[in-house]
Amino acid sequence: MEQFRGFPAKMQFTPLPNLFFSSLLPQISDIIVDYLQLMQGEDRRENRVQEIGYISRSLKALARDLNVPVLALSQLSRQVDWRASHIPKLSDLRESGSIEQDADIVIFIHREEADYTIEEWQDQHPDREYPR
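Numbered by full-length UniProt numbering, the letters in the sequence shown go through residues 1 to 132 in order.
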């Protein structure tokens, strides 16, 4: 945590954010959700896919209403592991097509070298050193 000392941010960790929400409104500059699949809707939906869809739409509306960016982290489904290429696609977002529909931007973190052994990397990229 030492590296974050002096960083101009306030963190709110609470399972009941609406208790403090109105008092924080003027101070909110952005919202970060870590991570989407840990959230629950106000009422249980028929299934988890519908619930995640509701949460995704609610976050989109919140961003619009407060005029702030929302960064929501999401898990990927295991489908990405079953393909020869492990490069993630929008359809790999876990539990809902609503996430890809509601998002303005989707960014995946993927390390290409993780898909290769050292030998495979050297065969396919003879001019590049294997990243460690």
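Since the hints were derived computationally from the structure, they do not count as laboratory data. This structure is a prediction, so every number in the text was calculated from the model and none was measured. All C-beta atoms, glycine included, are put in the ideal place defined by N, C-alpha and C. There may be inaccurate statements among the hints.
Stated by the list, open to error - Simulated restraints, written as ranges between beta carbons of each label pair:
id : residue 1 : residue 2 : range
1  : Pro69     : Arg48     : 22 to 28 Å
2  : Ile32     : Arg83     : 41 to 47 Å
3  : Arg83     : Ile28     : 34 to 40 Å
Unchecked claim - Here are the simulated EDC-like cross-link-like pairs (lysine to aspartate or glutamate), alpha carbons at most 20 Å apart as the crow flies:
id : residue 1 : residue 2
4  : Lys89     : Glu112
5  : Lys89     : Glu42
6  : Lys60     : Glu112
7  : Lys60     : Asp104
8  : Lys89     : Asp102
9  : Lys89     : Asp65
10 : Lys60     : Asp81
### Query
Do the Cβ positions of Ile32 and Arg83 conform to the proposed distance bound of 41 to 47 Å?
violated (29 Å)
### Restraint status (C-alpha distance of Lys60 to Asp104 at most 20 Å)
Judged against 20 Å, a Cα distance of about 9 Å means the pair holds.
### CB-CB spacing for Arg48 and Pro69 relative to the 22 to 28 Å hint
About 26 Å separates the Cβ atoms of Pro69 and Arg48, which means 22 to 28 Å holds.
#### Entry: Arg83 versus Ile28 beta-carbon gap, inside 34 to 40 Å or not
At roughly 39 Å between Cβ atoms, Ile28 and Arg83 fall inside 34 to 40 Å, so the hint holds.
### Task
Take a quick look at whether Lys89 and Glu112 sit within 20 Å of each other, Cα to Cα.
Holds - the C-alpha atoms of Glu112 and Lys89 are around 14 Å apart, at most 20 Å.
### Message
Given the hinted pair Lys89 and Asp65, is their Cα-Cα distance within 20 Å?
### Response
violated (29 Å)
### Task
Starting from Lys60, check that the Cα of Glu112 is at most 20 Å away, please.
Violated - the C-alpha atoms of Glu112 and Lys60 are around 31 Å apart, more than 20 Å.
#### Entry: Distance restraint between Lys89 and Glu42, which requires alpha-carbon spacing of 20 Å or less
Roughly 29 Å between the alpha carbons, so the hint for Lys89 and Glu42 is violated.
### Task
Measure nothing beyond the straight line between the CA atoms of Lys60 and Asp81; if it is 20 Å or shorter, mark the hint as holding.
Not satisfied, since the Cα-Cα distance of roughly 29 Å exceeds 20 Å.
### Query
Under the criterion that the straight-line Cα-Cα distance not exceed 20 Å, is the pair Lys89, Asp102 satisfied?
holds (15 Å)
Of the numbered hints given earlier, the model fails hints 2, 5, 6, 9, 10; all others are met.
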